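S.K.: Letter by letter, the chains look like this.
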Amino acid sequence: GNSVTQMEGPVTLSEEAFLTINCTYTATGYPSLFWYVQYPGEGLQLLLKATKADDKGSNKGFEATYRKETTSFHLEKGSVQVSDSAVYFCALSEGSGNTGKLIFGQGTTLQVKP
Amino acid sequence: GAGVSQSPRYKVAKRGQDVALRCDPISGHVSLFWYQQALGQGPEFLTYFQNEAQLDKSGLPSDRFFAERPEGSVSTLKIQRTQQEDSAVYLCASSFRMNTEAFFGQGTRLTVV
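As they're listed, the protein sequences go chains S and U.
Per our numbering, the first sequence starts with residue 976, numbered consecutively.
Per our numbering, the second sequence starts with residue 599, numbered consecutively.
Bound-form chain S, shown alone (with noise of 0.2 Å):
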């Protein structure tokens, strides 16, 4: 079936480091991939989302490549701040016709320090 792997957390890191945070699937057809982040005390938040190969997605100075070759969906920041941890979870949709249904990874932890 259908799965989503992360790298393990959590992730510490100074403010004004660079992440990079791994993401790779296994899926049947042509699944669209999604990172969503989950701030302390809130509920789950789309941050970016690609549907096709090659496609870049991109929000808040984060960004993702769908990478058909390497079935990777890698998160990447520049320069990371405090504001930004959190805990993320990339996740991929079944293709065209599907109802929506996400797959969820196990989720990273980031934790930036001034």
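Hints are computed from structural coordinates only; laboratory data are not their basis.
Bear in mind the structure is a predicted one, so any value in this text is a computation, not a measurement.
Check before you lean on any hint, since a few could be wrong.
Unchecked claim - Okay, the calculated beta carbon distance ranges per label pair:
no.: 1; chain 1: S; residue 1: Ala1028; chain 2: U; residue 2: Tyr608; range: 36 to 44 Å
no.: 2; chain 1: U; residue 1: Phe694; chain 2: S; residue 2: Thr1001; range: 39 to 47 Å
no.: 3; chain 1: S; residue 1: Ala1028; chain 2: U; residue 2: Leu653; range: 37 to 45 Å
no.: 4; chain 1: U; residue 1: Gly601; chain 2: S; residue 2: Ser1058; range: 17 to 25 Å
no.: 5; chain 1: S; residue 1: Thr987; chain 2: U; residue 2: Ser656; range: 21 to 29 Å
Ideal Cβ positions, reconstructed from N, Cα and C, are used throughout, including at glycine.
Starting from the known structure of chain S, fit chain U onto it as the hints suggest.
M.R.: Chain U in isolation, oriented as in the chain S frame:
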């Protein structure tokens, strides 16, 4: 309201008790999803509604779990005879229609003691 609202935010149940968790989706949203998130894990799909029709319940872990959305708006997830392994955060999400962005509520944290 402006977002997906879930109630209660926290629920403590004694083992064997029945519980009901409520989700108020964003007004006009056709699709509604329930997910279960165990501690330290990602959310796992439970069930999906399109309007009042439950089109996918493949993720419900046992027949103790039951969900309904009788008028195509508010949804209730019911768990009968709760067990300790049911302890988790239950998330509700809604979207305008199939395959559009899903908006999540803050969840209900269920603790079974």
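S.K.: State for each hint whether it applies.
M.R.: Hints, one by one, checked against the model:
A beta carbon spacing of about 42 Å between Ala1028 (chain S) and Tyr608 (chain U) agrees with the range 36 to 44 Å that was offered as a hint. Hint check: Phe694 (chain U) to Thr1001 (chain S), Cβ distance near 29 Å, so the stated range 39 to 47 Å is violated. Checked against the given bound of 37 to 45 Å, the beta carbons of Ala1028 (chain S) and Leu653 (chain U), roughly 28 Å apart, lie outside it. Range check, Gly601 (chain U) to Ser1058 (chain S): Cβ separation about 20 Å, and the 17 to 25 Å hint holds.
Between Thr987 (chain S) and Ser656 (chain U) the beta carbon distance is about 38 Å. The supplied range of 21 to 29 Å is therefore violated.
Going down the numbered hints, you'll see the structure goes against 2, 3, 5, while the others check out.
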